[in-house]
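Q: The lines below spell out each chain.
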Amino acid sequence: DQQVKQNSPSLSVQEGRISILNCDYTNSMFDYFLWYKKYPAEGPTFLISISSIKDKNEDGRFTVFLNKSAKHLSLHIVPSQPGDSAVYFCAAHSLEDKIIFGKGTRLHILP
Amino acid sequence: NAGVTQTPKFRVLKTGQSMTLLCAQDMNHEYMYWYRQDPGMGLRLIHYSVGEGTTAKGEVPDGYNVSRLKKQNFLLGLESAAPSQTSVYFCASSLPTGRREDNEQFFGPGTRLTVL
Numbered sequence: 013d014q015q016v017k018q019n020s021p022s023l024s025v026q027e028g029r030i031s032i033l034n035c036d037y038t039n040s041m042f043d044y045f046l047w048y049k050k051y052p053a054e055g056p057t058f059l060i061s062i063s064s065i066k067d068k069n070e071d072g073r074f075t076v077f078l079n080k081s082a083k084h085l086s087l088h089i090v091p092s093q094p095g096d097s098a099v100y101f102c103a104a105h106s107l108e109d110k111i112i113f114g115k116g117t118r119l120h121i122l123p
Numbered sequence: 097n098a099g100v101t102q103t104p105k106f107r108v109l110k111t112g113q114s115m116t117l118l119c120a121q122d123m124n125h126e127y128m129y130w131y132r133q134d135p136g137m138g139l140r141l142i143h144y145s146v147g148e149g150t151t152a153k154g155e156v157p158d159g160y161n162v163s164r165l166k167k168q169n170f171l172l173g174l175e176s177a178a179p180s181q182t183s184v185y186f187c188a189s190s191l192p193t194g195r196r197e198d199n200e201q202f203f204g205p206g207t208r209l210t211v212l
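Chains as they are written, first to last, in our numbering: chain A, 13 to 123; chain B, 97 to 212.
Hints in this document: simulated from the structure, not taken from any laboratory. None of the values given here were measured: they were computed from a predicted structure. Keep in mind that a hint or two might mislead.
[Stated by the list, open to error] In silico lysine-lysine, DSSO-like type, Cα no more than 30 Å apart, as pairs:
{"hint": "1", "chain 1": "A", "residue 1": "Lys-49", "chain 2": "B", "residue 2": "Lys-167"}
{"hint": "2", "chain 1": "A", "residue 1": "Lys-17", "chain 2": "A", "residue 2": "Lys-110"}
{"hint": "3", "chain 1": "B", "residue 1": "Lys-167", "chain 2": "A", "residue 2": "Lys-66"}
{"hint": "4", "chain 1": "A", "residue 1": "Lys-80", "chain 2": "A", "residue 2": "Lys-17"}
{"hint": "5", "chain 1": "B", "residue 1": "Lys-153", "chain 2": "A", "residue 2": "Lys-110"}
{"hint": "6", "chain 1": "B", "residue 1": "Lys-167", "chain 2": "A", "residue 2": "Lys-80"}
{"hint": "7", "chain 1": "A", "residue 1": "Lys-17", "chain 2": "B", "residue 2": "Lys-167"}
{"hint": "8", "chain 1": "B", "residue 1": "Lys-105", "chain 2": "A", "residue 2": "Lys-110"}
{"hint": "9", "chain 1": "A", "residue 1": "Lys-83", "chain 2": "B", "residue 2": "Lys-105"}
{"hint": "10", "chain 1": "A", "residue 1": "Lys-80", "chain 2": "B", "residue 2": "Lys-166"}
{"hint": "11", "chain 1": "B", "residue 1": "Lys-166", "chain 2": "A", "residue 2": "Lys-17"}
With these hints in hand, go ahead and build the complete structure from the sequences.
A: Structure, rendered in structure tokens:
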């Protein structure tokens, strides 16, 4: 049973507009969440994270929102740029210090 | 500072053959991980290690063995490769410090393995 779910396999957004990537989780014990970005033929790289005691974390064009009651988080990218085209993985820290990844969402930024 | 490196980058095996994937990190990280990535499946943890000489099973450990004889190296072995093990394998490492904010995992570039 998937504990971290990214229900949209892909998303297309016009350059300059806002990209919103969504993620749901099932385990209320998760206390830290991360987003990783992956380009083809490369390993994932850390993008942004959020602790469960916060509801928002911002880093430049990237903002992650956490709604604990809904067990939902989202990544906002604004404005979207061509270099943002990649696969984005939502992930959660388990109590055993392991990271559990979602299946990923492929973001296409359209010119 | 090379970060996390993986050897080889590509490999084609026949069913039943064995091979070892090597992961090396030069960041003095305690924790190391092996993941596999399959289409539509995301990243799944195979095995991990919280320190030299220790290993533990992840989500999909069957068919794989690992060893962590040196802190900087984490080896993933396939004793008898099967077509179901065709995948892209990623190694990662992390410090960690006890603060979640510091537990970022750094990934290698991946090894693309095909088992015929």
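Q: Starting from the hint list further up, note which numbers the structure goes against and sort them upward.
A: Violated hints (numbers, rising): 3, 6, 7, 9, 10, 11; every other hint is consistent with the structure.
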